[in-house]
Every structure is written in C-alpha cells, then in structure tokens.
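Peer 1: Fit chain B to the given chain A structure using the hints.
As you go down the protein sequences, you meet chains A and B in turn.
Quick note on this note's numbering: the first sequence kicks off at 1 and runs consecutively.
Quick note on this note's numbering: the second sequence kicks off at 324 and runs consecutively.
Bear in mind the hints are in silico, worked out from the structure with no lab data behind them.
Positions of the beta carbon are idealized from the N, C-alpha and C atoms, including for glycine.
Careful: at least some of the hints might be erroneous.
Not close to chain B: a few residues of chain A, all C-beta gaps over 12 Å, as computed [as the list claims (entries may be wrong)]:
{"hint": "1", "residue": "R17"}
{"hint": "2", "residue": "G92"}
{"hint": "3", "residue": "G218"}
{"hint": "4", "residue": "M245"}
Cβ pair distances, simulated, as ranges [stated by the list, open to error]:
{"hint": "5", "chain 1": "A", "residue 1": "G126", "chain 2": "B", "residue 2": "G432", "range": "19 to 25 Å"}
{"hint": "6", "chain 1": "A", "residue 1": "P146", "chain 2": "B", "residue 2": "L489", "range": "56 to 62 Å"}
{"hint": "7", "chain 1": "B", "residue 1": "A471", "chain 2": "A", "residue 2": "E221", "range": "55 to 61 Å"}
{"hint": "8", "chain 1": "A", "residue 1": "W88", "chain 2": "B", "residue 2": "G406", "range": "29 to 35 Å"}
{"hint": "9", "chain 1": "A", "residue 1": "P217", "chain 2": "B", "residue 2": "G406", "range": "57 to 63 Å"}
{"hint": "10", "chain 1": "B", "residue 1": "P469", "chain 2": "A", "residue 2": "A81", "range": "29 to 35 Å"}
{"hint": "11", "chain 1": "B", "residue 1": "P469", "chain 2": "A", "residue 2": "G126", "range": "38 to 44 Å"}
{"hint": "12", "chain 1": "B", "residue 1": "A444", "chain 2": "A", "residue 2": "P86", "range": "15 to 21 Å"}
{"hint": "13", "chain 1": "B", "residue 1": "A471", "chain 2": "A", "residue 2": "G90", "range": "48 to 54 Å"}
{"hint": "14", "chain 1": "A", "residue 1": "S21", "chain 2": "B", "residue 2": "L489", "range": "47 to 53 Å"}
{"hint": "15", "chain 1": "B", "residue 1": "D562", "chain 2": "A", "residue 2": "G90", "range": "39 to 45 Å"}
Residues from chain B that face chain A, not an exhaustive set, calculated with beta carbons under 8 Å [what the hints assert, rightly or not]:
{"hint": "16", "residue": "I361"}
{"hint": "17", "residue": "G365"}
{"hint": "18", "residue": "T395"}
{"hint": "19", "residue": "V398"}
{"hint": "20", "residue": "E401"}
{"hint": "21", "residue": "L402"}
{"hint": "22", "residue": "A404"}
{"hint": "23", "residue": "R417"}
{"hint": "24", "residue": "F419"}
{"hint": "25", "residue": "G430"}
{"hint": "26", "residue": "P434"}
{"hint": "27", "residue": "S436"}
{"hint": "28", "residue": "E643"}
{"hint": "29", "residue": "V644"}
2 protein chains.
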Amino acid sequence: MRIVVLAGGIGGARFLRGLMSAAPDADITVIGNTGDDIHLFGLKVCPDLDTVMYTLGGGIHEEQGWGRADETFAVKEELAAYGVGPEWFGLGDRDFATHIVRTQMIGAGYPLSAVTEALCARWQPGVRLLPMTDDRVETHVLIDDPDAPDGESRKAVHFQEYWVRLRASVPAHAVVPVGADQAKPAPGVLEAIADADVVLFPPSNPVVSVGTILAVPGVREAIADAGIPVVGLSPIVGDAPVRGMADKVLAAVGVESTAAAVAKHYGSGLLDGWLVDTVDAGAVDEVEAAGIRCRAIPLMMTDLEATAAMAAEALVLAEEVRG
Amino acid sequence: MRIVVLAGGIGGARFLRGLMSAAPDADITVIGNTGDDIHLFGLKVCPDLDTVMYTLGGGIHEEQGWGRADETFAVKEELAAYGVGPEWFGLGDRDFATHIVRTQMIGAGYPLSAVTEALCARWQPGVRLLPMTDDRVETHVLIDDPDAPDGESRKAVHFQEYWVRLRASVPAHAVVPVGADQAKPAPGVLEAIADADVVLFPPSNPVVSVGTILAVPGVREAIADAGIPVVGLSPIVGDAPVRGMADKVLAAVGVESTAAAVAKHYGSGLLDGWLVDTVDAGAVDEVEAAGIRCRAIPLMMTDLEATAAMAAEALVLAEEVRG
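Same shape as in the complex, but just chain A:
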C-alpha cells in the first residue's frame, strides 16, 4: 500500500511512527511543511523536516519532541557572547551541524529536495521525505504592532517569531504563506499523490502545517482529484488543541477550535474521512452532515501503541470510504 502523509512537525512525526508500526509494509511518502523554515545566523533551518527526520531516524529529543537528543549548546552560548541573536530559537550543537550541511549544499546549488534526501541518507527514516516545495515559502503572521501609538497598526512577523518568541500570546489576525502562490511542488510530490492508495492528514496544525502544504498550487487539486480516500485526524480534542497552539491560528482564519469545524475547514471536496476523539463523539453527526465520513476513537498519542491504533483506524476508515 502506498500512503502519502502531509506532515508538520511534532504531531506529524509522532503520527508517522504509529503509522509505520500499524502498516510496516506500507510505502510511505511524507510531504513536509517548509513554511516554517527560517534563516538563522546565515543558516537555513527547516524545523518541520528535521523533526520528522530526527524522530523517525532515532535522533530526536523524545521529551521535547524537537531537536536532538544528548544536545549541547556551546555554539549558541558563543553566538550570544558575540551579541548575535536571536536567542529565542533553541539551536543545539548537533542540530547546527544539520543546518551547516544543508546550507552548504544549497549554496552549492542543490535544491532542498536533494538536500533532504542527502540528509536522510544518514538518518534512514524509513519513509520518503519530500519538502512540499523547493521554492522559498515563509509563513508570516499578522499581529498587532505593540510599538504603534494608536494600537491600530499591525505588522507581519515570521511564524517562528510568533510561535517560539511570542508563544502565540498575541492575537493572530492573518496567517500568510508568503511565496506559496508562486511555489511549485517539489519533484516527486505530485507523482507520489498520483500513485498513492490513500492520503492521510495527521493531527498536525490545519493552518500552518497541513494548510501551508495545501497552499502550494497543485497539491490540493492533485489530492482532491486523485480519486483515492483522504482521511484526517483531528488535532482538536474537546475544543482545545492536543498540543501546540492551533486554536490561535484557527481563529486567524475564522475557524472555530472544534473537531467538526476543522473537518469542515478542509471540506468534503478534499476530505473523505475524519477521526475525532471519543470526547467529541457528539461532533460525528455534524461532520457526516457535511459529507465527510466520521468516527470517534481515542486520539491521544500517548505512546506508540495508542498512536498505531489511531493510524490503523485511519486506514480502516479509508477502506470504508473506498467502499
């Protein structure tokens, strides 16, 4: 079975572990979000791609969910001693090496997709990991400008500044994947969708992760037109994000933080099946009324077994949809 997964960072990576456990023989292609990529200290950092790569390759900091295990911070300390920031983005020494290799390869002319393949040659994640695009897309968030005297002015900040530095503590008025409209899917993306038996949306952020991938022209259309089951898992459980701050960016796009609202945001033109948590069983009818088949199951990725069960249920729902 060929499965395509649209993945953000931590949630996507953990779901993929469960999926690989539930379907060990599946041929899995991951289309990774690159809208949260950022240039720091002159280096290209791809947080979501790296989280997937490190998680599936056994290098992740398990408790934290991002960054490397057994990490040290000598480089970051020294950069701070030089007065060079930002200090709010936590890059460890081992992680720096990844960004140095990536930046060197990009400087030598390799596209991000080729760089990602080269990095994965070391990590052997067990999936094919593709960036959504080789072009530069940068998710910006429109927030109030605290320096504006009248409190009316707004400014756009990089998603990482909103998410990591500001901890999503200020209202997001809009989320814009800058450059997405001009971006082309990376080599292999459309081909993987065309060849897939099923497409899965993990419980990743529907706006800044899955939504950004879908904003690359051609991706949404390819998935909608593939004639295969498309099944997602709700990142909202009991009207709150399981982790992260998805509610903040859902508000920016006018979507309620409920499992049903996210399903309807994706829409029946794209989504065929939707899994909600058992606490949201009351939402099943609402989702089905919108033309999306829905089941309520436990959706907390507490351990590999629970996550594998979620992935297995997603595949069962896909077969139901296929009919």
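Peer 2: Chain B only, in chain A's frame:
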C-alpha cells in the same frame, strides 16, 4: 609609541603577548595574515586572525596554541556522521560560532576588516587587528601528485591541506599566494604603517605568514619607504624552526633554514635589525655584512617573561637603528 606588527598565527600571537607586556603603553596595530584562510563547510575560517584574537582575548587553548579553550566537538562529530568533511581540520563548537558569525556578516556585505573589528569588540585583544586585505588571497603549495603515474606531475593544494592534513611531510616545490597580486591592503593597513614609529616581524613563518602579508601590493613598499626602524626576530634557531615546519616552505623559495638566510631573504632594503638566538651568535657577522644590524639574545618564547624580554630587545634594537 606606535608599533606595527606583521603576524601569522601562534608565533605571532605569543610574541604579541610579550610585546604588550614589554610596552604596555604602546599603540599596537597588527596586520594579520589571511593567506591561510579557508572555506570549510561553507564557512569562512581565518585561522591566523583568530589565533591572534583568541590569544590576546583570553580565549585560546593555551597548550595547543590555536582554537578555543574548553572546547567540545559535537558539530564536527555530526558533520562526520553526515559524511561531510574534511575531518582533518579541527573545528570545535565554540570556534564554529566565530566562523558562523563571520560568514553571516560577510554574506550581509561586510568586508573582512569590518567583521574582524566586530569580532574583536567581544574579545578586546588590546591591539588593533587588521586583516592584510579584504580581498581573497589563498596560499597554495605545489607538491608532487601522488596519483600521477610517472611521479613527475605536480598539483597545487591549499596551504591548510599541506600544513594540517599532510603535516608538511612532502616536499613543497613552490608557495603561491593566489590572488595576492590583485589584492589591496585592507583599510587602515597603509595608514598604520605610515603612522608607525617601528615595524616588527615576530618569529612568524617568513614565507607563508610574514611573506604573504608582504606580497600584498603596497605593503612591502610602504614599510620600506616609511623611514622607520624595521626589526625582526628569527623563527629559525640552531638551523631548525622553533615551532612549525618553516624549513619546508623556506626550501620551496630557495632559502636555507638558518637565521642568517632568513634575514637576507627579507633583505636590507626592508629589514634594519634582526635578532638571532644565542646559539646562532655565529651568524651575527654574516647578517651585519648584509647591511642588517644584528644581535644574539635568547629567542625561546618559553613564558611571558622570556617573550617580553625578546620584544624589549627588539625595541632596543629599533632605537639603535634609528640612531
């Protein structure tokens, strides 16, 4: 007193410590060799400038003479895990931060002289440290090509490859500061020479350190024409380099590894005074016969006191020359 010092790496840096101790009120400008600069992992590394900066700024690995104290090597280990080399150049985590800051600033358009000034703002070396040039100069060494079937062919390697990877273990047929002929002295270099009361050549490598600085058009002429004492200290003691492998590159330029031969290599048109070690007292007459005033004193930089005494003798000799 305004002193200009032409410095390579370890020898130059240690001499400068002695000079600052011997002449604490002197205004010292260091013109640093950049011919051994190298791009590694996409980062610009300036070994000689950094050795001076770290040594005078208190960050040097004292026993090793180069690199940072309390260093760790996580980044290097990770780069090796990615299969990215070279592995023969020892960059530690703390050191990497310097190269990351430098590369980022150069990428942003700052010349190396401005970058060096910015880095020194942290290290406060107590001297003004100028790169010899903001232009790219790269010292190459012509060696036998071990892969050539007839043993006749030669190839050029970067100085660091010759020095660090090959440990100068193969004959050097020529030493070429590639790009030097097109290079311009960095801002401040000619002005510092014009304003100086004395110019000193530390016991640095006369070919690949001091020689490379003198190869930047205008520098040798400015020193020779300044009408001020120019005094050097022999890096050769008892027909062998005090440290390093200066004899290997002296042979490449047809100069014997003796204290007298190095003085004559600089020449009386440039050099006014020369200090040799007491074991080379027999060379004094030969050097003076070449028109260069010469004294024999202990020249081993065993500790700060001994080094300060050497520097003091150099200044005494300069005053003798001034007459």
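Peer 1: Give a verdict on every hint.
Peer 2: Consistency of the hints with the structure:
The claim that R17 (chain A) is not at the interface with chain B holds, since no C-beta of that chain comes within 12 Å of its own (minimum 22 Å). The non-interface label for G92 (chain A) is inconsistent with chain B: the shortest C-beta to C-beta separation is roughly 8 Å, within 12 Å. The claim that G218 (chain A) is not at the interface with chain B holds, since no C-beta of that chain comes within 12 Å of its own (minimum 32 Å). Look at M245 (chain A): its CB is around 30 Å from the nearest CB on chain B, clear of 12 Å, so calling it non-interface holds up.
Roughly 43 Å separates the CB atoms of G126 (chain A) and G432 (chain B), a value that falls outside the hinted 19 to 25 Å. With their beta carbons about 58 Å apart, P146 (chain A) and L489 (chain B) fall inside the hinted range of 56 to 62 Å. Taking the beta carbon of each, A471 (chain B) and E221 (chain A) are about 58 Å apart, inside 55 to 61 Å as hinted. For the pair W88 (chain A) and G406 (chain B), the beta carbons lie near 32 Å from each other, so the given range of 29 to 35 Å is met.
One distance hint, 57 to 63 Å for the beta-carbon pair P217 (chain A) and G406 (chain B), is violated here, with the actual separation near 35 Å. The hint said 29 to 35 Å for the Cβ distance between P469 (chain B) and A81 (chain A), and at roughly 43 Å that hint is violated. Between P469 (chain B) and G126 (chain A) the beta carbon distance is about 41 Å. The supplied range of 38 to 44 Å therefore holds. In this structure the hint that A444 (chain B) and P86 (chain A) lie 15 to 21 Å apart at CB holds, the actual value being about 19 Å.
One distance hint, 48 to 54 Å for the beta-carbon pair A471 (chain B) and G90 (chain A), holds here, with the actual separation near 50 Å. Between S21 (chain A) and L489 (chain B) the beta carbons are some 50 Å apart, a value that agrees with the proposed interval 47 to 53 Å. The supplied range of 39 to 45 Å is broken by D562 (chain B) and G90 (chain A), whose beta-carbon atoms lie about 55 Å from each other. Taken as an interface hint, I361 (chain B) does not check out: its beta carbon lies about 14 Å from the nearest beta carbon of chain A, beyond 8 Å.
For G365 (chain B), the shortest C-beta to C-beta distance to chain A is roughly 3 Å, which falls under 8 Å, so the interface hint holds. At its closest, the beta carbon of T395 (chain B) sits 5 Å from a beta carbon of chain A; the interface hint therefore holds under the 8 Å criterion. Nearest Cβ of chain A to the Cβ of V398 (chain B): about 5 Å, under the 8 Å cut. The hint holds. A least Cβ separation of about 3 Å between E401 (chain B) and chain A falls short of the 8 Å threshold, and the interface hint therefore holds.
The interface hint given for L402 (chain B) is met, as the beta carbon of that residue sits about 5 Å from the closest beta carbon of chain A, less than 8 Å. Evaluation of the A404 (chain B) hint against chain A yields a held restraint, the C-beta minimum of about 6 Å falling below 8 Å. Because the smallest distance between the Cβ of R417 (chain B) and any Cβ of chain A comes to about 5 Å, under 8 Å, the interface hint for this residue holds. With its C-beta approaching chain A no nearer than about 5 Å, F419 (chain B) sits inside the 8 Å limit, and its interface hint holds.
The restraint placing G430 (chain B) at the interface with chain A holds, with a minimum CB-CB distance near 5 Å, inside the 8 Å limit. Here the hint on P434 (chain B) is broken, as its CB sits about 16 Å from the closest CB of chain A, past 8 Å. The closest approach between the C-beta of S436 (chain B) and any C-beta of chain A is roughly 17 Å, which is over the 8 Å cut-off, so the hint fails. Residue-level restraint check for E643 (chain B) is violated (minimum Cβ-Cβ distance to chain A is 43 Å; threshold 8 Å).
This hint is violated: V644 (chain B) has a C-beta 41 Å from the nearest C-beta of chain A, more than the 8 Å allowed.
Violated hints, listed in ascending order, are 2, 5, 9, 10, 15, 16, 26, 27, 28, 29; each of the other numbered hints is respected by the structure.
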